[in-house]
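> One letter stands for each residue in the lines below.
Number of protein chains: 4
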Amino acid sequence: MEITSETSPLLRTHGAVLPLRKTKAVQVGDIKIGGPDFSVIAGPCSIESYGQFLETAQGVKNSGAVLLRGGIWKMRTSAKAFQGLGSEALHFIRNVLDQTKMGLVTEVTDPRQIEVLDDYVAMYQVGARNMFNYALLKELGMSRKPIMLKRGFSALIEEWIKAAEYISLGGNEGIVLCERGIRTFETATRYTFDLNAVIFAKARTHYPVIVDPSHAVGIREFVPKVALAAAAVGADGVIVEVHPRPEEALSDGKQALTLEDFKILMKQIEGVLSALNHPLQKL
Amino acid sequence: MEITSETSPLLRTHGAVLPLRKTKAVQVGDIKIGGPDFSVIAGPCSIESYGQFLETAQGVKNSGAVLLRGGIWKMRTSAKAFQGLGSEALHFIRNVLDQTKMGLVTEVTDPRQIEVLDDYVAMYQVGARNMFNYALLKELGMSRKPIMLKRGFSALIEEWIKAAEYISLGGNEGIVLCERGIRTFETATRYTFDLNAVIFAKARTHYPVIVDPSHAVGIREFVPKVALAAAAVGADGVIVEVHPRPEEALSDGKQALTLEDFKILMKQIEGVLSALNHPLQKL
Amino acid sequence: MEITSETSPLLRTHGAVLPLRKTKAVQVGDIKIGGPDFSVIAGPCSIESYGQFLETAQGVKNSGAVLLRGGIWKMRTSAKAFQGLGSEALHFIRNVLDQTKMGLVTEVTDPRQIEVLDDYVAMYQVGARNMFNYALLKELGMSRKPIMLKRGFSALIEEWIKAAEYISLGGNEGIVLCERGIRTFETATRYTFDLNAVIFAKARTHYPVIVDPSHAVGIREFVPKVALAAAAVGADGVIVEVHPRPEEALSDGKQALTLEDFKILMKQIEGVLSALNHPLQKL
Amino acid sequence: MEITSETSPLLRTHGAVLPLRKTKAVQVGDIKIGGPDFSVIAGPCSIESYGQFLETAQGVKNSGAVLLRGGIWKMRTSAKAFQGLGSEALHFIRNVLDQTKMGLVTEVTDPRQIEVLDDYVAMYQVGARNMFNYALLKELGMSRKPIMLKRGFSALIEEWIKAAEYISLGGNEGIVLCERGIRTFETATRYTFDLNAVIFAKARTHYPVIVDPSHAVGIREFVPKVALAAAAVGADGVIVEVHPRPEEALSDGKQALTLEDFKILMKQIEGVLSALNHPLQKL
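Those sequence lines, one after another, are chains W, Z, D and Y. Residue numbers for the first sequence follow my numbering, so the first one is 1399 and each next one is one higher. Residue numbers for the second sequence follow my numbering, so the first one is 1399 and each next one is one higher. Residue numbers for the third sequence follow my numbering, so the first one is 1399 and each next one is one higher. Residue numbers for the fourth sequence follow my numbering, so the first one is 1399 and each next one is one higher.
Check before you lean on any hint, since a few could be wrong.
[To be verified] Examples of chain Z residues lying across from chain Y (beta carbon under 10 angstroms, computed):
#	residue
1	Ser1552
2	Arg1581
3	Thr1582
4	Phe1583
5	Thr1585
Source of the hints: derived by calculation from the structure; they are not laboratory data. Glycine included, each C-beta is placed from N, C-alpha and C at the ideal position.
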């Protein structure tokens, strides 16, 4: 079912013909992303308190998540909105990671945070709004921790791949691409999930490619469907927002799954993966 | 996993809060779209000759397609490009339909074609470029044949749903929605497949919703992945472009599957559907 | 200040390098569009009644408009919205045209309307939603009346130019392009006015290019600014929505200028044109 | 010609109704942006050498520019492309500024550059790709130098205005907005210049609003037209890329005006401004 780059000019991005590539797995703590298994990362949008973070961490672990997400510094459109707990949350974050023995994926928004965060993080996240923040990418190129690079919501696939080069040229080859929805004319959903980009990036780069279904659609009841589609097209994993009580969340509550939702979703994902002989990664 | 329209303002399109709806199946010849089964429609972009159409029809039928697609009048960006065979093809089309006992889905591009086509067609297709052609929609509202209404490549979901009302207000309730990719800033793929819209339209309207993976991504090797995603999210079917020799196709060859590709795809679709307890419709 | 197509790959649209072209004027009744003068077309969105149409026509004529616009069949997103008066308005339209001695520009939405309209129309308008309605364009190619072809709100400049070929290949060379805003992610204004497209089409085609500032921004107070920009970049004219009492308009009232607004705008346009030695066309 | 926020729901951005506002001028060195005069900023995309920068500075000053632009650290899609001279250029930049007695507008791409740049800069520029880099904006909020905030190429007008709050909440009220084109489906021009956003931001914020016609269209021959449109709609100024020999430029040569082009443009701008009683600022 293969076509070569010669037969399809559409496999070019602006100028460069991209070859078919095999995914190189990325080690994240004890976990491998992009290897034979499908990896599920889950956790709250923002880390809000010790109790909320611990409850979420234990819940998603019990349902099968292999890495924990949670925002410490948040990127918010309004300077007056909740900006995350910041470094004061670090002491209890360590406690939660120790109790659950899970690695943390968290967003870094300023090159000067890296020094502080480095002891706590299994994988750094570059958020969509910072994909073009090349100063940050260069700094992360000098880190030895892997980087999850979210696609900017208006970045061409080509620009996304080239942003990854800002990291790899610094010597850091541990890069995981994450599609999280793009901005289009459609406003019925928060963003437009670009499934094509997942397929394209998976086929034409050697980076693992995961999907953030929570931002990609932005409506809780639709999040599981997007996650299933990611499994169906051969993505390497998903990163899902989960909150014990979404209606009380300080950010993105409308798109957070409950712990119960998440448990159901894990079973559905396992079903679809199994139909495609793709194993689900376990801790 | 349900949220109500009260808790999510995102379930509004511009102004109207849309309720959760149950799909009403649409009868298309001997087939039901939007019932318990997943329906696969396949065939060439354009009907080019008796031989090409017959070979494709027999091939896709053998692999499990339940309806035949094939363009008679084509919408082409350039007035100088191949415009389809037009009415001169009708005599051999009848012959192919009789031999294969399949129903035909074909695009109508002018209200004045309906009279000519009516004896040949199981379901009319309104193409993406005609979704806003309300004169055509009104005319089809007076037909007794079902209509597959493709989403305009820049139509809001809300406009798509309202376009369907131009048909239903005329008395024709046999409407099947088809998502086929939208136009965004991304150019690496032909269009951006809007998976979110499939999920949204399925949840918030009573129309069956199918996916055209061929136009939605526009690159042969990626078409099967998009079709699998459609199956994974609970779409009611797919409509796929297939050509015995895509490299010789007079239109859209780059996105046509070969008969062999299509056969493999049908098995993969069946696998994913089965994981989700969704039966594949058989003739 | 010229660059050649050799030095700038950006002057290509997909594939074709477009040469610099000189505008060929189009005769519309007694008026020339695309000649040395800048032409102002004005009138209501919809023709609502004899009184409303006559009052608007006399008002815009007194302020300097050279052609009259007014919709008879309207393209509305909702099938339940006001669809225009249709052919029943034709008798009083003739009366207004005779009294004011102005030519009418009106939209044709169905190939079967042409026969009815032909005696009333100085120039046919193809609306944005019908730019891809090639059946309609082919029919208009056989008319001897000039055609104002609005750009589809999601049409590439290249597709707009190629749509014009559907008309010219039929033998009708009287084509005026009209930019009226495109659909983008921005929602603060109704559409995004694509000024670049005006400049591009003017430089790279031989068609006169005019601007519809009313749809392009969709907010009354901003409409005059867009019209001034059109004058500043060398467009061949503007087509402006005017209503004696916008708050009572049956369609598009939010973007209609009052007769008083329009009078002020005409003076500002004349000022900008005069700074650029571009005469304003008078009846 | 005024409509109030009550009569037009379109004057809302997502949620907030924005009031009509009067522009507050911003002092930039000896110059005022947003006062009664129209300000022209010009200079090279990148500062490439002492000779190139001096020649450009003297040229644009002679034609009437009141501030100098020039990039020291460049934001480039590819990590392998020319990244600007960086801090090694600072010594000769001082020399050029002293000779020409002009203030410098230059982009800051990393919060850690501010300390180094502060002695050289009359106004900091935040580039389009950093509009969402809130860490950088917060840092600039603590500076006493004014900030030119370019609109992200996919930022809603509302997000652009809210990004400015990240600066003003830090205590820095010297903010100048700059529209430089947005990313849309259209590819014939580099970006789509959003003239509507200029008009909207001018009417609904108190910030001065200027236009970058060079990036907004990206094609040298079309840049002057965009600049004239900015003058016609009442923008507070333009920032234009000029290079003595564009074909030798290390970045953005295709959109740079020659010194001769720029001289002609200044005269055209003065003509349009004079028709609208808007004075051109002089040094």
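> Each of the hints needs a verdict: does it hold here or not?
Evaluated hints:
{"no.": "1", "hint": "Ser1552", "in the structure": "holds, 8 angstroms"}
{"no.": "2", "hint": "Arg1581", "in the structure": "holds, 5 angstroms"}
{"no.": "3", "hint": "Thr1582", "in the structure": "holds, 6 angstroms"}
{"no.": "4", "hint": "Phe1583", "in the structure": "holds, 5 angstroms"}
{"no.": "5", "hint": "Thr1585", "in the structure": "holds, 7 angstroms"}
Checked against the numbered hints above, the structure breaks none of them.
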